[in-house]
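Protein chains: 2
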Amino acid sequence: MASVQDISVSASINLLSALAFLLAFAFLRLQPFNDRVYFPKWYLKGIRASPRSSGPAVRKFVNLDFRTYLKFWNWMPAALRMPEPELIDHAGLDSAVYIRIYLLGLKIFVPIALLAFAVLVPVNWTGKTLVDIKDLTYSDIDKLSISNVPSGSKRFWAHIVMAYVFTFWTCYVLYKEYKIISTKRLHFLASANRRPDQYSVLVRNVPPDPDESVSEHVEHFFCVNHPDHYLTHQIVYNANKLAELVEKKKSLHNWYTYYQTRHERNPKNRPQTKTGFWGLWGKTVDAINYYSEEIEKTSEEEAAERERVMSDPKSIMPAAFVSFKSRWGAAVCAQTQQTSNPTLWLTEWAPEPRDVYWDNLAIPFVELNVRRLLMTVALFFLTFFFMIPIAIVQSIASIDGIGKVLPFLKPLIEAKGIKSIIQGFLPGIALKIFLILLPTILMTMSKIEGSISLSYLDRRSASKYHLFIVVNVFFGSIITGAAFQQLHKFANQAPSEIPKTVGVAIPMKATFFITYIMVDGWAGIAAEILRLVPLIMFHLKNTFLVKTEQDRKQAMDPGSINFSVSEPRIQLYFLLGLVYAPVTPILLPFIIVFFAFSFMIFRHQIINVYDQKYESGAKYWPDVHRRVIIGLIISQILLMGLLTTRDAPKATPLILILPVLTIWFHRVCKGRFESAFMKFPLQDAMVKDTLGRATEPNLNLKTYLQDAYVHPVFKDIEFERPPVIDEEENNPLVSTKRNSCKGSKTGSIGSPDGGV
Amino acid sequence: MASVQDISVSASINLLSALAFLLAFAFLRLQPFNDRVYFPKWYLKGIRASPRSSGPAVRKFVNLDFRTYLKFWNWMPAALRMPEPELIDHAGLDSAVYIRIYLLGLKIFVPIALLAFAVLVPVNWTGKTLVDIKDLTYSDIDKLSISNVPSGSKRFWAHIVMAYVFTFWTCYVLYKEYKIISTKRLHFLASANRRPDQYSVLVRNVPPDPDESVSEHVEHFFCVNHPDHYLTHQIVYNANKLAELVEKKKSLHNWYTYYQTRHERNPKNRPQTKTGFWGLWGKTVDAINYYSEEIEKTSEEEAAERERVMSDPKSIMPAAFVSFKSRWGAAVCAQTQQTSNPTLWLTEWAPEPRDVYWDNLAIPFVELNVRRLLMTVALFFLTFFFMIPIAIVQSIASIDGIGKVLPFLKPLIEAKGIKSIIQGFLPGIALKIFLILLPTILMTMSKIEGSISLSYLDRRSASKYHLFIVVNVFFGSIITGAAFQQLHKFANQAPSEIPKTVGVAIPMKATFFITYIMVDGWAGIAAEILRLVPLIMFHLKNTFLVKTEQDRKQAMDPGSINFSVSEPRIQLYFLLGLVYAPVTPILLPFIIVFFAFSFMIFRHQIINVYDQKYESGAKYWPDVHRRVIIGLIISQILLMGLLTTRDAPKATPLILILPVLTIWFHRVCKGRFESAFMKFPLQDAMVKDTLGRATEPNLNLKTYLQDAYVHPVFKDIEFERPPVIDEEENNPLVSTKRNSCKGSKTGSIGSPDGGV
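Line by line, the protein sequences give chains A and B.
Under this note's numbering, the first residue of the first sequence carries the number 74, and numbering increases by one thereafter.
Under this note's numbering, the first residue of the second sequence carries the number 74, and numbering increases by one thereafter.
Rather than coming from a laboratory, the hints here were simulated on the basis of the structure.
Take the hints with a grain of salt, since some may be wrong.
[Stated by the list, open to error] Each computed DSS-like pair below joins lysine-lysine, with the alpha-carbon atoms no more than 30 angstroms apart:
| id | chain 1 | residue 1 | chain 2 | residue 2 |
| --- | --- | --- | --- | --- |
| 1 | A | K573 | B | K573 |
| 2 | A | K743 | B | K520 |
| 3 | A | K752 | B | K398 |
| 4 | A | K723 | B | K562 |
| 5 | A | K562 | B | K562 |
| 6 | B | K752 | A | K743 |
[Unchecked claim] To give an idea of the interface, some chain B residues facing chain A are shown, with a C-beta separation under 7 angstroms as derived from the structure:
| id | residue |
| --- | --- |
| 7 | V405 |
| 8 | Q408 |
| 9 | T409 |
| 10 | S413 |
| 11 | R745 |
| 12 | S748 |
| 13 | Q756 |
| 14 | M759 |
[What the hints assert, rightly or not] What follows is a set of in silico ranges between Cβ atoms, one per label pair, in the way DEER data are often shown:
| id | chain 1 | residue 1 | chain 2 | residue 2 | range |
| --- | --- | --- | --- | --- | --- |
| 15 | A | E289 | B | G744 | 23 to 31 angstroms |
| 16 | A | P280 | B | S550 | 45 to 53 angstroms |
| 17 | A | F241 | B | S569 | 32 to 40 angstroms |
All residues carry an ideal CB built from backbone N, CA and C; glycine is no exception.
Please construct the entire structure, taking both the sequences and the accompanying hints into account.
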């Protein structure tokens, strides 16, 4: 049990490291040669150009204007200054709503903290159980927690009443926020410019027809069943192999440029490489010639494959993007069932063109079901039994294990210095590597499940990660021991015992979580703004690969909010805050600092750095809402368990009402708001159609939609910018008020996906 | 523990009583004056008329043709003879599919029983544990059950393998049946004649508009948002009070007729009545004058109320039936969301006109949510705590209780004869009354929940009743003790202990359930065919109220399948069969007899008696399927618990796979078939539209739909026959092959709801 001193020390260390990150950021961002690392968003928007080359050459790389250094904090108010409508316009609704999750945290926890400090802290402090005990395992922090209240005391009434107040407040804020965000989403969709996905529906599982090709079959089907609305369609090719070839060619091209640059800098010495894996072994050859030949070879393969895909009927998948004459027609088709067999002619809204996950477009219905079953089982085992393979790896990675498996290494590893490294380092590293790989593993699982859009992939992965965090980080930290041990224990314990076991352990783990919040939530978030990896990568690329302005744009890696990882992590803070609010309120300020700090950092990043891969219109909000509700219910059940062990009067039935009410509240919210995130109402479609017909009576929709859903590899190799952003830029809804150096807007603009 | 002798005695008693019922039925149905009780369906169809009055008068009442008595069993083959397509045409899909539930039971359990007797019975019989024990609590039946296999024996492998085989067989049959029934449903819908509900959508929660009436608002909204498809609409009046008055008038009229008939038979004596409740007290008046005055008064009230409803804007509910020009337009509107606020303009398929539950059409969204929450909580308490009020009533209804509450009765109840009656009778009667009232209570709860169609009310009630039966009849019989005591016990027990506790008790309860099946399933079903209550009621009415042929038709009470009660009861047999198949296979033949016997009885009733109140097109099948799946999962978990206590090798993990696979199977079925029961595919709508336009190019749809959804009280008081049946009769799809005495088809035909 950490004392107040320990926590102060930890707090100062973490504060200092956060400060160091911020200072480093404040310094680095002022250097012109880092400009593209810290402000890529503005470059992608075409509003900012490379630093002008006037003045001394050194000015291009180092900022010598010392006055700017004095104002190095000014990014913070700048980040908060942009009003939200402009932010939505600038960065999209996904990003703008994402930072509202942090705001939601503040809205929930600031009043709760004030109330808890006003009511619960005095109640706990004067409880005076721990004064008499004089036990070393209790610290001053515990005097402020529920542990200080004697068993069976009437003081627990305060905690029960507060649990009610906290629940109602949380639900109230959640309801308000759901309402705001669904309004924002509807407004966003209503004010969005014309986009191909508004008119298009993705049709899957087109049944095979002996007499017609897929394309003809689709056309006939929709001509018959949507006679007044069908416009055109686009069949889907299985171009996965072609995409691989394109990718390979791009990488070869990068190496070619790299060696050419080296050769130019040192013309005497022609660079050489080896033909084997990563140039590490194999025959030594002239690098420039080798890569130019390889590029040529791949180009030929690519052309042949392109030919094959276009002509071979087997590469046509039984899926199509069907476009309609009006948004109304598309809305109807997306929301209705087409045939009596619900596994054929499956229609759903087409994702944005850039949001499509092309690889999964042709999975048949039964296979999809088998895949989902397997992934559900896999997720269960991954969540509860992930420690078993790691324990095996750890046992092998120990001194004895290596000695047994690889006996020839024995003399080496028993040298004293190496031995201590292995002992101290290896066992931990297996777990660390697993935790780093986990989001990738979960994303792969989501891909196997067969989702067809990137946004849905992200949401599925986030669900899985959230389960993992709740089970292994939250419950795993409270009850030490691997999850599968807990599972076994819980299966052999009465259901009413589980909340008790966990509940009793909660107050004791408060200091652990405080430290966790400071390391992960304070210093970790501060490191985010420094962007160390993109910084290094950009300068490496800039040195070796960049030749033209266009290359430089491709070299920028603006990154994006990694929703599938970061949202479940935020949910851990919600969970901690809700669980500890009635138990150990001293934890709340730490969480509030996390939310406030993250809000600022991410607002800055969204404005200046991130470039989202897709725009789903905050479609993830129902998930966020549901997970906060889950946290709330967990907190209520654990409080019930805790109070039952402390002989609180009538605690169990009184608190049992709360989860029932909370679940009911969730259902009401679901009924009231969720459909705004799932369906597109016909009235809105009709309004937009009417408006569209009035403003653009002569629009040729067919030409507009012709190539919207062509697989990216069939477009020009110089990636086109998706039309949606072009349009947003041409007629921005709110003209930006920023002082921007309007730069070279001509020329094609880097891919939003960030070219390698 | 009952011995084989006990069971034989019980079996013979029940078989004899079943036989007695059947003989009584066979005799009574041959009497002409009972013809309308046992063949009302044919009268309602207009195919059969009252016995001809030629011949001696006694022939009208008693069948004197003794040859017919010799063939009194011939109703059984007759019931089985009608082919299914004709049955669907004759009685509707709901009824035809309902008896397929019994068929499903036979399909599942006959092969399972054969296999169990071939494999498990020998395995159990040669287990020889019980031979040595010589315990009185075991009977011969237990020697055939799993109890006879020694703990830790390898013989349990047979049970595990059989559990797999039974699961796969059940799932296979369920899948096939789901497929058949969804095909039948789609075919039924596709071949159905033109009906108003094919073109109509029910709109609820029309938002108030300050400038427009509800009717104008609805018209404008749909003209704008479904411009090419909207045809007409019908607003909904709150005519609940008016309906009450109409009902009251009808009852007064019955009394008037009754007294007039009495007066005619005995003209000297004018009948008298008292004005108070049920004519029991109050002023004595002349009955005929009194009732004719009352009828006049009520007629005036009715007219005034009718006036008020039609003119008062407050009696217009914010709901409407909207009709479209095509089935396609209606299908689109029913399946899509209309506005961005999903609690307004809620659209769903309109139920059949006769299926509408008018009282619930105007419950606002939030109130609906509150009602559902309250009913969920109420259902929970009703299921688990219903014994508490009954125990209280029982304690009051005891000798001591009555003595305390009503001391003046003390001398009376302490008389010896009365005392024994009270002691033997009263405590049981409270429970019995509750169980008789239970379906009504559950139906009232479903009504409070706000369902808008009778068919949905039935399905909701069936769900509730199923829960009650599983918890209180099944688990309650296995673990004696009230449900709330079990709940308490289970909450304080490890989750893995629950299946063990229940599983161990299962083999011991086999004989109890065998007796239960014979009483409830054999004798009870045989009593169904006798129709004792309708028989008595018909003759009473026939004597006192019937004056015209029309009256006689109204006096028939054909009844209908009471889905909300009988389906959950069938599910109990599925559950018992699945649970006992691997444990005590000797129970299976009893269940098979139940299914076969019920199949025959209900097929007869459906053909000759029942007249369904509505036709939902077997929309309840997903519920039936789900409940069998629930039974299957319960059986697997209990088998696991049982085997764990018997030290069966690796039983737990091996059987744990089964529920996972079963749940997955259920999800696959849901995805594959359920939408056929929920949605109407656009392709089918288009096909029917095209067909309709070709066959009836000049149809005036507007006139056809004009009055389809008028509240019944606004139609003529002589109830019209709903158009659906009229049409079915005019051009029957399969002409019936029965020899029917085509009778008086002219004149209006009795209400299908059964007058009074």
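Taking the hints in turn, this is what the structure says about them:
1. Straight-line distance between C-alpha atoms of K573(A) and K573(B) comes to about 23 angstroms, which keeps the hinted pair within the 30 angstroms bound.
2. Proximity of K743(A) to K520(B) is assessed by CA-CA distance (about 23 angstroms); at most 30 angstroms being required, the pair is judged to hold.
3. For the hint linking K752(A) to K398(B), the alpha-carbon distance of about 25 angstroms falls within 30 angstroms, and the restraint holds.
4. At most 30 angstroms may separate the alpha-carbon atoms for a hinted pair to count; K723(A) and K562(B) meet this at roughly 19 angstroms.
5. Distance check on the hinted pair: K562(A) and K562(B) sit about 19 angstroms apart at the alpha-carbon level, within 30 angstroms; holds.
6. For the suggested pair K752(B) and K743(A), the alpha carbons sit about 21 angstroms apart, so the restraint of at most 30 angstroms is met.
7. Residue-level restraint check for V405(B) holds (minimum Cβ-Cβ distance to chain A is 5 angstroms; threshold 7 angstroms).
8. With its C-beta approaching chain A no nearer than about 5 angstroms, Q408(B) sits inside the 7 angstroms limit, and its interface hint holds.
9. Among the interface hints, the one on T409(B) holds; its C-beta lies about 5 angstroms from the nearest C-beta in chain A, closer than the 7 angstroms criterion.
10. Checking S413(B) against chain A: minimum C-beta separation of about 5 angstroms stays under 7 angstroms; hint holds.
11. Evaluation of the R745(B) hint against chain A yields a held restraint, the C-beta minimum of about 6 angstroms falling below 7 angstroms.
12. Hint on S748(B) holds. Least Cβ distance to chain A is approximately 4 angstroms, under the 7 angstroms limit.
13. At its closest, the beta carbon of Q756(B) sits 5 angstroms from a beta carbon of chain A; the interface hint therefore holds under the 7 angstroms criterion.
14. At its closest, the beta carbon of M759(B) sits 5 angstroms from a beta carbon of chain A; the interface hint therefore holds under the 7 angstroms criterion.
15. For the pair E289(A) and G744(B), the supplied restraint of 23 to 31 angstroms holds, since their beta-carbon distance comes to about 28 angstroms.
16. A hinted range of 45 to 53 angstroms for the beta carbons of P280(A) and S550(B) is consistent with their spacing of about 50 angstroms.
17. Distance hint for F241(A) and S569(B): a CB-CB separation of about 37 angstroms, consistent with the stated range 32 to 40 angstroms.
Consistency with the previously given hints is maintained throughout, with no hint failing.
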